[in-house]
Amino acid sequence: MAATVNSKEYKHVDLVEVSGRIDSGTAPLLEQALKKITKDGRYRIVVDLSETEFMSSAGLRALIATLKEVRRFNRGDLRIAGMPPKIAKAFELAGFLELFKVFDNTVDAVGSF
Amino acid sequence: MADLFSLTVDSRLEHLGEISDFVGQAARASGLNANQINDVEIAVDEACANVIEHAYHGRADGTIDITCERRGKKFVITIQDFGERFDPRRIAPPKTRVPLAKRNVGGLGLFFMRKLMDKVDFDFSPKHGNRLTMVKKIKSKSNGATPNRR
Numbered sequence: 001m002a003a004t005v006n007s008k009e010y011k012h013v014d015l016v017e018v019s020g021r022i023d024s025g026t027a028p029l030l031e032q033a034l035k036k037i038t039k040d041g042r043y044r045i046v047v048d049l050s051e052t053e054f055m056s057s058a059g060l061r062a063l064i065a066t067l068k069e070v071r072r073f074n075r076g077d078l079r080i081a082g083m084p085p086k087i088a089k090a091f092e093l094a095g096f097l098e099l100f101k102v103f104d105n106t107v108d109a110v111g112s113f
Numbered sequence: 001m002a003d004l005f006s007l008t009v010d011s012r013l014e015h016l017g018e019i020s021d022f023v024g025q026a027a028r029a030s031g032l033n034a035n036q037i038n039d040v041e042i043a044v045d046e047a048c049a050n051v052i053e054h055a056y057h058g059r060a061d062g063t064i065d066i067t068c069e070r071r072g073k074k075f076v077i078t079i080q081d082f083g084e085r086f087d088p089r090r091i092a093p094p095k096t097r098v099p100l101a102k103r104n105v106g107g108l109g110l111f112f113m114r115k116l117m118d119k120v121d122f123d124f125s126p127k128h129g130n131r132l133t134m135v136k137k138i139k140s141k142s143n144g145a146t147p148n149r150r
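Chains R and C supply the protein sequences, listed in that same order. Numbering of the first sequence is given in our numbering, commencing with residue 1 and proceeding in unit increments. Numbering of the second sequence is given in our numbering, commencing with residue 1 and proceeding in unit increments.
I should point out that these hints are in silico values taken from the structure, not numbers from a laboratory. Note that beta-carbon positions come from the ideal geometry of N, C-alpha and C, so glycine has one too. Incorrect hints may appear among the rest.
Unchecked claim - Once the Cα atoms are required to be at most 25 Å apart in a straight line, the calculated SDA-like pairs of lysine to any residue come out as: (1) 89/R x 121/C; (2) 89/R x 57/C; (3) 8/R x 35/R.
Unchecked claim - What follows is a list of derived Cβ distance ranges for each label pair: (4) 10/R x 114/C: 25 to 33 Å; (5) 7/C x 51/R: 49 to 57 Å; (6) 126/C x 97/R: 38 to 46 Å; (7) 73/R x 59/C: 37 to 45 Å; (8) 12/R x 61/C: 20 to 28 Å; (9) 131/C x 108/R: 43 to 51 Å; (10) 73/R x 128/C: 50 to 58 Å; (11) 63/C x 104/R: 41 to 49 Å; (12) 36/R x 21/C: 29 to 37 Å; (13) 102/C x 85/R: 43 to 51 Å.
Isolated chain R (complex conformation):
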């Protein structure tokens, strides 16, 4: 089970669609996609996890590192859309549910900015 990470740039927000399996081997794909966005000076990001089947702590590390980056100087946010229950459990254990704003779908998450 591989992973794919697709980024779409909209006027006010970047959408990152993650599918498949994010583990230590594939988390660099997510990390690179997120870093590219912030390096371009864009700090409003939605990460769509609705097609993500597995996420280990390596994926969570990429998300929290980016969350810290985008919230610096209050310049943006990273919001989650479509979180599957299996992944919500990892977020909960890590204490991430209180850090990230989570939406049911990408329309709501993109519209929240």
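Use these hints to put chain C onto chain R, whose structure you have.
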């Protein structure tokens, strides 16, 4: 029900998906429910990623032996490697209830293993290397809901 499942792979991160599939199938065959299978898959993934990254320091020529076995009402997983000794006492637990600015980016792998499994035991000897044993108590026939207790 004394089936023993075993898998040996070399120490490449590319094998994590295969390891997860293997452990998931063994857990299912041993009667764990969907939530428990998910817990076991995460714990084993974190353990094997640690082996590759810390015991073998990213070298691809190491060996990881994984066995899974049902013993009564317990699902027992052992993960063995021959890399550098792993001392869990050196890993500080993550701060999971502090504001964002004080969060560490790492340390979650071992924390997940301990939270998701009923027992996590590390052992090392020069002869057999690192041997990690993890145990999950089997709650079969359940859809994952917590049973009512008196």
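Checked hints:
{"no.": "1", "hint": "89/R x 121/C", "verdict": "holds (23 Å)"}
{"no.": "2", "hint": "89/R x 57/C", "verdict": "violated (29 Å)"}
{"no.": "3", "hint": "8/R x 35/R", "verdict": "holds (14 Å)"}
{"no.": "4", "hint": "10/R x 114/C: 25 to 33 Å", "verdict": "violated (41 Å)"}
{"no.": "5", "hint": "7/C x 51/R: 49 to 57 Å", "verdict": "violated (27 Å)"}
{"no.": "6", "hint": "126/C x 97/R: 38 to 46 Å", "verdict": "holds (43 Å)"}
{"no.": "7", "hint": "73/R x 59/C: 37 to 45 Å", "verdict": "holds (41 Å)"}
{"no.": "8", "hint": "12/R x 61/C: 20 to 28 Å", "verdict": "violated (48 Å)"}
{"no.": "9", "hint": "131/C x 108/R: 43 to 51 Å", "verdict": "holds (47 Å)"}
{"no.": "10", "hint": "73/R x 128/C: 50 to 58 Å", "verdict": "holds (52 Å)"}
{"no.": "11", "hint": "63/C x 104/R: 41 to 49 Å", "verdict": "holds (44 Å)"}
{"no.": "12", "hint": "36/R x 21/C: 29 to 37 Å", "verdict": "holds (31 Å)"}
{"no.": "13", "hint": "102/C x 85/R: 43 to 51 Å", "verdict": "violated (28 Å)"}
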